[in-house]
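Asks: Between the sequences and the hints, there should be enough to build the whole structure, so can you do that?
The sequence shown begins at 23 in my numbering and counts up by one.
Derived from the structure by calculation, the hints contain no laboratory data. Some clues are possibly wrong.
No more than 25 angstroms apart at the CA atoms, straight line, and that leaves these computed lysine-lysine pairs for PhoX-like [to be verified]:
{"id": "1", "residue 1": "Lys153", "residue 2": "Lys108"}
{"id": "2", "residue 1": "Lys135", "residue 2": "Lys153"}
{"id": "3", "residue 1": "Lys135", "residue 2": "Lys108"}
Using C-beta positions, here's what the derived DEER-type ranges look like [what the hints assert, rightly or not]:
{"id": "4", "residue 1": "Met114", "residue 2": "Lys143", "range": "31 to 41 angstroms"}
{"id": "5", "residue 1": "Arg124", "residue 2": "Gly89", "range": "18 to 28 angstroms"}
{"id": "6", "residue 1": "Lys28", "residue 2": "His126", "range": "18 to 28 angstroms"}
{"id": "7", "residue 1": "Val154", "residue 2": "Asn31", "range": "23 to 33 angstroms"}
{"id": "8", "residue 1": "Gly89", "residue 2": "Asn31", "range": "16 to 26 angstroms"}
{"id": "9", "residue 1": "Phe161", "residue 2": "Asn31", "range": "35 to 45 angstroms"}
{"id": "10", "residue 1": "Asn31", "residue 2": "Lys153", "range": "31 to 41 angstroms"}
{"id": "11", "residue 1": "Pro157", "residue 2": "Gly24", "range": "17 to 27 angstroms"}
{"id": "12", "residue 1": "Pro157", "residue 2": "Thr129", "range": "12 to 22 angstroms"}
{"id": "13", "residue 1": "Leu148", "residue 2": "Asn36", "range": "26 to 36 angstroms"}
{"id": "14", "residue 1": "Val160", "residue 2": "Lys28", "range": "35 to 45 angstroms"}
{"id": "15", "residue 1": "Gly24", "residue 2": "His126", "range": "14 to 24 angstroms"}
Keep in mind that this is a model prediction, so the values were computed, not measured. Here a beta-carbon is modelled for each residue, glycine too, at the ideal position from N, C-alpha and C.
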Amino acid sequence: MGAYLKEANFEEANLKEAHLEMAHLEGANLTKANLSGAYLQRAQLRGAKLINTHLEGAKLVKAHLEGANLANAYIFMANLEGANLKEANFTMADLEEANFLRTHQLTIDQLSKVKTLYNAKIDKELLIPLKVKYPSFVFG
Numbered sequence: 023m024g025a026y027l028k029e030a031n032f033e034e035a036n037l038k039e040a041h042l043e044m045a046h047l048e049g050a051n052l053t054k055a056n057l058s059g060a061y062l063q064r065a066q067l068r069g070a071k072l073i074n075t076h077l078e079g080a081k082l083v084k085a086h087l088e089g090a091n092l093a094n095a096y097i098f099m100a101n102l103e104g105a106n107l108k109e110a111n112f113t114m115a116d117l118e119e120a121n122f123l124r125t126h127q128l129t130i131d132q133l134s135k136v137k138t139l140y141n142a143k144i145d146k147e148l149l150i151p152l153k154v155k156y157p158s159f160v161f162g
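Replies: What follows is the structure in structure tokens.
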């Protein structure tokens with residue numbers, strides 16, 4: 023059982039490589055936090071504020087990010103495989119080399135608002151229509 027940190031304030035906190043597997047961070051404020059390399063497998067991040075947050079290399083496998091705000095987040099090389107991303111906000115997020123394979127509830131509309139998807143791993147069911155709809159977008 024993970025830590026219960028619902029609605030906690032971790033704004034600008036340094037949580038680099040923190041072990042937060044299965045943590046309950048629903049509604050938590052992680053704005054400008056450093057979560058680079060953090061272990062967030064199966065973490066509950068519904069409605070969390072991850073604005074301008076560093077998630078470089080973070081492990082978010084099967085995490086719950088429904089309604090999370092990841093605007094301007096740096097998600098370079100993060101692993102979100104199997105994560106639930108329903109209504110997550112990725113506006114201007116850097117998703118370079120991130121793994122979005124087998125995610126749930128991810129939409130073309132969400133991906134169309136990101137800063138970059140360069141070399142990101144995305145299921146073909148989303149990638150092909152995304153390339154058709156946004157041919158000038160950089161995919162790598």
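Asks: Can you give the numbers of the hints that this structure goes against, from lowest to highest?
Replies: Violated hints (numbers, rising): 4, 7, 11; every other hint is consistent with the structure.
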